[in-house]
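Novice: Chain by chain, the residues run as shown.
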Amino acid sequence: SQQGEEDPQALSIQEGENATMNCSYKTSINNLQWYRQNSGRGLVHLILIRSNEREKHSGRLRVTLDTSKKSSSLLITASRAADTASYFCATLSKGGNNRKLIWGLGTSLAVNP
Amino acid sequence: NAGVTQTPKFQVLKTGQSMTLQCAQDMNHEYMSWYRQDPGMGLRLIHYSVGAGITDQGEVPNGYNVSRSTTEDFPLRLLSAAPSQTSVYFCASSYRNFFKPQYFGPGTRLLVL
Chain H
69 SQQGEEDPQA LSIQEGENAT MNCSYKTSIN NLQWYRQNSG RGLVHLILIR
119 SNEREKHSGR LRVTLDTSKK SSSLLITASR AADTASYFCA TLSKGGNNRK
169 LIWGLGTSLA VNP
Chain F
113 NAGVTQTPKF QVLKTGQSMT LQCAQDMNHE YMSWYRQDPG MGLRLIHYSV
163 GAGITDQGEV PNGYNVSRST TEDFPLRLLS AAPSQTSVYF CASSYRNFFK
213 PQYFGPGTRL LVL
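So the sequences go chain by chain: H and F.
Just so you know, we're using the working numbering here: the first sequence kicks off at 69 and counts up by one.
Just so you know, we're using the working numbering here: the second sequence kicks off at 113 and counts up by one.
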């Protein structure tokens with residue numbers, strides 16, 4: 069079953085605008101990761117945020133984590149056409165053998181020039 | 113480093129045929145995984161390995177076999193291909209455990225007629 073659920077499913081913005089996508093999950097997590105997938109390519113890791121962190125930055129990316137609401141958001145500032153891709157969150161649940169990531173269905177982002 | 117490589121890029125099979133999807137990584141990662149990606153289903157874990165000689169099943173293992181004789185290689189075998197196995201297959205690796213970022217290969221697109 070998919071634990072991570074991204075919304076919106078699709079997002080279309082103009083170059084230069086900010087893009088925000090959200091991920092919700094159901095169980096307690098150890099960490100949450102965001103990945104990007106360009107069309108026809110493999111996934112690329114963007115950022116990892118641990119359950120005891122609330123915010124993390126990497127270049128134009130800002131990720132927040134609210135464990136009380138079991139949600140995370142990915143903000144891409146000053147978007148570029150090259151940011152056009154699908155974005156996925158993946159969670160690693162606490163407990164068990166921690167050997168599986170649970171993936172969301174992704175947000176498809178289109179940045180129009 | 114080449115990272116994670118997968119061959120072939122694209123394959124067409126007839127129902128009942130068998131084949132092996134190859135995956136190799138040159139980062140000395142212990143953890144390796146096979147996923148399939150289908151529209152509307154997200155990424156689903158087929159099999160994974162936590163080191164040479166150790167493999168385990170994921171969410172959707174039926175119809176697939178794996179082995180891990182070396183740290184570098186993690187082939188996925190389709191025993192008797194079925195149309196339901198038409199998908200894009202991704203191999204991924206990570207350092208020591210699933211807490212760490214996953215590195216993905218470029219994918220193999222498989223069509224079973």
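Please note: incorrect hints may appear among the correct ones.
Dumping the calculated DSS-like pairs for lysine-lysine here, alpha-carbon to alpha-carbon at most 27 Å [as the list claims (entries may be wrong)]: (1) Lys126(F) x Lys168(H); (2) Lys121(F) x Lys137(H); (3) Lys138(H) x Lys124(H).
Okay, the calculated bits of chain F under chain H, using three or more residues with CB under 8 Å as the criterion [as the list claims (entries may be wrong)]: (4) 119–128; (5) 156–170; (6) 178–192.
Quick caveat, the hints were computed from the structure, so don't treat them as lab data.
Heads up, the beta-carbon is just placed ideally off N, CA and C, and yes, glycines get one too.
Novice: Against this structure, judge whether each hint is valid.
Specialist: The hints, checked one at a time:
{"no.": "1", "hint": "Lys126(F) x Lys168(H)", "in the structure": "31 Å, violated"}
{"no.": "2", "hint": "Lys121(F) x Lys137(H)", "in the structure": "41 Å, violated"}
{"no.": "3", "hint": "Lys138(H) x Lys124(H)", "in the structure": "16 Å, holds"}
{"no.": "4", "hint": "119–128", "in the structure": "violated (count 0)"}
{"no.": "5", "hint": "156–170", "in the structure": "holds (count 6)"}
{"no.": "6", "hint": "178–192", "in the structure": "violated (count 0)"}
Violated hints for the displayed structure, listed by number in ascending order: 1, 2, 4 and 6.
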